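Numbering follows my numbering, in which position 132 of the first sequence is assigned residue number 234; successive positions increment by one, without gaps.
Quick caveat, the hints were computed from the structure, so don't treat them as lab data.
As the structure is a computational prediction, the values presented were derived from the model and not from experiment.
Be careful, since some hints might not be right.
In silico DSS-like links for lysine-lysine, alpha-carbon gap of 30 Å or less [as the list claims (entries may be wrong)]:
no.: 1; residue 1: Lys109; residue 2: Lys182
no.: 2; residue 1: Lys189; residue 2: Lys109
no.: 3; residue 1: Lys109; residue 2: Lys209
For each label pair, taking beta carbons as the anchor points, the in silico distance ranges come out as [stated by the list, open to error]:
no.: 4; residue 1: Gly232; residue 2: Arg170; range: 27 to 33 Å
no.: 5; residue 1: Thr219; residue 2: Ala158; range: 16 to 22 Å
no.: 6; residue 1: Pro195; residue 2: Arg218; range: 33 to 39 Å
no.: 7; residue 1: Asp113; residue 2: Asn133; range: 16 to 22 Å
no.: 8; residue 1: Arg196; residue 2: Ala241; range: 26 to 32 Å
no.: 9; residue 1: Arg141; residue 2: Gln230; range: 20 to 26 Å
no.: 10; residue 1: Pro242; residue 2: Arg210; range: 16 to 22 Å
no.: 11; residue 1: Arg141; residue 2: Gly232; range: 38 to 44 Å
no.: 12; residue 1: Thr191; residue 2: Gln230; range: 35 to 41 Å
All C-beta atoms in this analysis are idealised placements derived from N, C-alpha and C, irrespective of residue type, glycine included.
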Amino acid sequence: MRHWLMKSEPDAYSLEQLRLDGVTGWEGVRNYTARNLMRDQMSVGDRVLFYHSSTAIPGVAGLARVTRTGLADPSQFQPKSPYFDPKATPDNPRWIMVEIGFVEAFKRFVPLSELRTEAALEGLMVLQRGARLSVQPAAPEHFAHICRLGQSQHHTLQEAT
DNA sequence: GCCAACGTTGGC
DNA sequence: GCCAACGTTGGC
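Full structure from sequences and hints, please.
In structure tokens:
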């Protein structure tokens, strides 16, 4: 099982919305590195830190998990979508996504500013300068540490991995 | 294949 | 709103 951090602008799609929806297709990623991670590296059951970006207080809001993989992002076929890709066809989709499911909202939202103060998180990709990738791998120990900061109810489960 | 120009991301 | 970092585009 791998661990990830996935960014979303809460104005566009928040963890709260995922809680309401239960699951959602991770549409709209148009970066090849992020696509390749979703397509080639993600497996059902992988754990996801749900990160809120481009907001007043960016940070990790809670947890999700990968529930399906290898799905064609439907927005690439929709001419009216901002994510429309005229070169993509249903027979030969260019943008492959995963579906993720809600796990929990952290008891404590963990702001980026706090992540930056944690020596244990040295090397976490989201803390690197210019780390714009919207789907990032996270080391298991970094993942577990952030779960502790957030007072995750899945704490013991994380430590067991 | 190089690289300058441009667009986007995202923290601040 | 600013701006640094990065990815993509397109001329050559």
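Next on the checklist: For each hint given before, does the structure comply? Return the numbers of the non-compliant ones in rising order.
Outcome noted: Result: hint 11 breaks, nothing else.
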